[in-house]
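2 protein chains.
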Amino acid sequence: MTESFADRRARLMGPNVPTFYQSPVHIVKGQGVWLWDANGKRYLDCYNNVAHVGHCHPRVVAAIAGQAATLNTHTRYFHDGVLDYIERLTATLNHGISQAIMVCTGSEANDIALRMAQAVTGKTGMIATDNTYHGNTTAVSQLSTRKPPIGGYAPNIRLVPSPETLRPVGGTVEGQASAFAAHVTRAIAELEDAGFGFAGMLFCPVFANEGLPTLPPGFLAPTIKAIRQAGGVVIADEVQPGFGRVGSHFWGHDLMGIAPDIVTVGKPMANGHPVAAVLARPDGMAAFRDAFNYFNTFGGNPVSAAACNAVLDVMIDEGLQQNAAVVSAHILNRLRALRHPLLADVRATGMFFGVEFVTDAAMTPATEFVANLVEVMVDRGFILNKIGRGGGALKIRPPLPFSVENADQLVDTLADVLKILPVPA
Amino acid sequence: MTESFADRRARLMGPNVPTFYQSPVHIVKGQGVWLWDANGKRYLDCYNNVAHVGHCHPRVVAAIAGQAATLNTHTRYFHDGVLDYIERLTATLNHGISQAIMVCTGSEANDIALRMAQAVTGKTGMIATDNTYHGNTTAVSQLSTRKPPIGGYAPNIRLVPSPETLRPVGGTVEGQASAFAAHVTRAIAELEDAGFGFAGMLFCPVFANEGLPTLPPGFLAPTIKAIRQAGGVVIADEVQPGFGRVGSHFWGHDLMGIAPDIVTVGKPMANGHPVAAVLARPDGMAAFRDAFNYFNTFGGNPVSAAACNAVLDVMIDEGLQQNAAVVSAHILNRLRALRHPLLADVRATGMFFGVEFVTDAAMTPATEFVANLVEVMVDRGFILNKIGRGGGALKIRPPLPFSVENADQLVDTLADVLKILPVPA
Chain A
1 MTESFADRRA RLMGPNVPTF YQSPVHIVKG QGVWLWDANG KRYLDCYNNV
51 AHVGHCHPRV VAAIAGQAAT LNTHTRYFHD GVLDYIERLT ATLNHGISQA
101 IMVCTGSEAN DIALRMAQAV TGKTGMIATD NTYHGNTTAV SQLSTRKPPI
151 GGYAPNIRLV PSPETLRPVG GTVEGQASAF AAHVTRAIAE LEDAGFGFAG
201 MLFCPVFANE GLPTLPPGFL APTIKAIRQA GGVVIADEVQ PGFGRVGSHF
251 WGHDLMGIAP DIVTVGKPMA NGHPVAAVLA RPDGMAAFRD AFNYFNTFGG
301 NPVSAAACNA VLDVMIDEGL QQNAAVVSAH ILNRLRALRH PLLADVRATG
351 MFFGVEFVTD AAMTPATEFV ANLVEVMVDR GFILNKIGRG GGALKIRPPL
401 PFSVENADQL VDTLADVLKI LPVPA
Chain B
1 MTESFADRRA RLMGPNVPTF YQSPVHIVKG QGVWLWDANG KRYLDCYNNV
51 AHVGHCHPRV VAAIAGQAAT LNTHTRYFHD GVLDYIERLT ATLNHGISQA
101 IMVCTGSEAN DIALRMAQAV TGKTGMIATD NTYHGNTTAV SQLSTRKPPI
151 GGYAPNIRLV PSPETLRPVG GTVEGQASAF AAHVTRAIAE LEDAGFGFAG
201 MLFCPVFANE GLPTLPPGFL APTIKAIRQA GGVVIADEVQ PGFGRVGSHF
251 WGHDLMGIAP DIVTVGKPMA NGHPVAAVLA RPDGMAAFRD AFNYFNTFGG
301 NPVSAAACNA VLDVMIDEGL QQNAAVVSAH ILNRLRALRH PLLADVRATG
351 MFFGVEFVTD AAMTPATEFV ANLVEVMVDR GFILNKIGRG GGALKIRPPL
401 PFSVENADQL VDTLADVLKI LPVPA
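For the protein sequence lines, the chains are A and B, in the order given.
Numbered according to the numbering used here, the first sequence spans residues 1 to 425.
Numbered according to the numbering used here, the second sequence spans residues 1 to 425.
Worth double-checking, as some hints may not be accurate.
Simulated coverage check for chain A against chain B, where a stretch passes if three residues somewhere in it have a Cβ under 8 Å from a Cβ of chain B [said to hold, decoys possible]:
1. 46-59
2. 62-71
3. 74-81
4. 98-105
5. 108-120
6. 325-339
7. 393-406
Source of the hints: derived by calculation from the structure; they are not laboratory data.
Idealized CB from N, CA, C, for every residue including glycine.
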């Protein structure tokens with residue numbers, strides 16, 4: 001009997017390896033915003049932020065191929081590519097952030113950021129939210145809440161309730177900013193009382209994994225004030241919002257009007273080539289570099305730098321941040337025109353959308369309904385997924401070249417499916 | 001005034017970023033075993049193990065370019081490339097090791113391996129040697145001894161004296177195997193007494209970073225017995241010896257005649273593309289996968305898998321493991337014919353050589369002499385470096401296509417330089 005793909009995968013990768021969808025798609029080809037499976041079926045990619053400038057963008061592919069044929073080595077030798085890139089990337093940042101450590105994954109970047117905050121402050125206590133994901137190293141996985149970490153919870157971590165749109169911290173949308181900050185203040189006090197002291201807080205400035213809540217201007221001001229007053233370091237995890245996805249700004253923290261000390265970046269920066277980075281001011285960088293002789297064999301290698309530089313070139317030449325601003329406004333308008341008995345909220349932060357469904361007035365997430373909705377949309381050729389507490393929101397987060405026409409294809413189909421999908425009693 | 005390259009690098013990357021050599025080389029091109037700097041000067045690469053099948057090997061470059069133009073996405077969708085690769089790679093392994101987690105760096109691989117040992121045993125205590133390096137994450141950097149880790153030493157780690165050729169553990173070469181095992185036994189008892197219990201030991205089977213000591217057959221038997229008796233997991237870090245470098249075997253642990261539970265791999269496996277992996281038996285893999293929902297965005301992506309598959313193809317078609325066996329024997333013979341008043345030992349494990357110099361009968365490492373020797377060799381166009389305690393040994397570890405002719409070029413020049421280099425009084 002022929003072994004199924006799923007069985008072969010489990011035999012070679014082990015059990016419990018995450019897939020998307022009840023019948024995982026078997027993708028063999030990508031181009032721009034399109035993906036094709038092994039049967040030749042075409043999908044509109046409304047989900048993948050890694051293929052930031054579009055799948056297999058020819059300029060990124062050419063940069064990788066050209067540099068891979070010329071030289072690929074490590075940064076203990078001098079090479080211009082990585083320096084040119086850091087210079088360009090830090091030019092997009094304010095707040096005195098002018099230096100970078102290049103690594104290979106967002107997990108590595110956040111793992112460094114935690115230690116940089118500890119090196120700057122001489123303290124070890126860290127805060128994150130209670131419904132997020134920042135990476136998978138031993139240290140960074142302590143900031144996730146899905147399962148108890150192997151070896152037990154680290155005592156120097158505190159997780160605060162994450163902001164939400166429909167179930168706001170403190171009970172009201174108006175009071176959420178101060179209620180969230182109060183939780184942070186309490187966590188800081190706990191860390192100080194426990195003897196760890198407070199090193200800093202690591203968070204996504206738009207709280208993407210938390211469900212992408214709609215937050216008013218200045219939402220983070222009282223939290224930042226609490227962190228600063230306690231001498232802590234502000235770490236902005238820009239793996240999701242960075243690189244123009246939010247449309248109005250290049251960075252999520254600029255959209256939110258905050259000044260981080262450290263910025264971490266990853267997924268979109270090289271369109272899928274394994275690259276990530278920690279960006280910091282010279283004072284923070286020096287504290288880390290003096291405390292730890294960090295070196296990353298693959299980090300900042302010439303091929304990675306070429307891929308990164310090509311992504312910035314494409315961003316500029318194709319006006320992709322502006323496209324994100326224009327197309328996301330169109331998508332948001334169209335999503336807001338949808339009508340459905342369970343539809344509770346439509347929200348966006350640039351080219352990143354949450355479409356939330358609830359089963360009752362208590363705002364219970366419509367977990368099963370959204371799961372079914374995702375499956376039907378995939379079956380109809382639209383790659384998307386779910387997000388937020390209980391998985392009650394559709395997550396739409398396409399590559400940036402997504403067009404108005406693509407948007408209409410997506411929302412037209414979504415409207416059709418919402419008309420026919422059974423609504424739980 | 002024009003900013004120097006070193007100044008620009010410090011401005012953009014921060015202080016204290018490691019380089020090689022007093023005047024770091026500025027490499028712009030690589031091909032096979034050759035590198036060229038920005039002035040057109042050519043160097044014979046006698047050092048870089050990342051460019052395992054030779055710099056910019058056209059088949060690896062073509063595999064990367066072709067797959068990057070076709071599809072690059074993550075493993076939550078099905079794709080054949082990563083499964084084909086795991087199937088091929090695990091076919092080279094014995095001891096029931098048949099599964100893999102694909103990641104991006106050796107650091108990530110060892111970070112997982114530590115947690116896998118903890119998930120298998122339910123204990124947290126880990127052992128490594130006191131003169132090594134296994135990676136740079138928060139958890140893995142606890143196994144390095146160069147500087148106190150940021151945040152302080154983890155209490156669940158014990159470091160045992162590393163084996164050496166000229167300064168053996170326990171004082172004699174004959175007694176080193178049992179003396180080393182006795183230190184491991186003591187460390188296990190300490191971890192158990194401290195309440196952590198013993199999860200396992202992570203080590204390079206040929207102790208490459210420790211200085212590549214010459215070890216008799218069966219050297220590790222008493223250590224493995226001690227680990228097994230205590231219920232611990234044996235983790236072989238094959239980042240350096242793996243993939244045929246040792247010549248006689250594909251893996252360092254097979255050369256050393258031991259049966260690891262977990263194998264970690266990295267640098268050479270995709271010739272510089274950021275790929276690494278954790279290889280394990282189904283029981284260990286299941287324990288980890290059940291305890292932690294591990295997912296790595298870039299790990300095992302189609303481009304990485306294509307690069308990995310191409311490296312295996314080249315290894316086989318060009319007979320590079322056999323070349324390592326033949327050429328390394330030639331190099332070792334030629335190095336052993338060298339005569340110099342400070343030369344104390346010449347040793348090899350396949351295509352990886354240590355040439356150790358000492359200043360006195362007490363076997364004090366000739367640190368400064370070797371540092372000067374490296375600088376002069378680089379100036380003459382030979383890329384190599386130093387290794388071992390005190391940096392007293394030349395480290396020679398070329399890409400595997402290194403030929404007998406390359407070997408003669410290297411050793412002829414080394415003999416010339418040894419004749420003229422000032423010997424400290």
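Going through the hints against the structure:
no.: 1; hint: 46-59; result: holds (count 6)
no.: 2; hint: 62-71; result: holds (count 6)
no.: 3; hint: 74-81; result: holds (count 6)
no.: 4; hint: 98-105; result: holds (count 7)
no.: 5; hint: 108-120; result: holds (count 6)
no.: 6; hint: 325-339; result: violated (count 0)
no.: 7; hint: 393-406; result: violated (count 0)
Checked against the numbered hints above, the structure violates hints 6 and 7; every other hint is satisfied.
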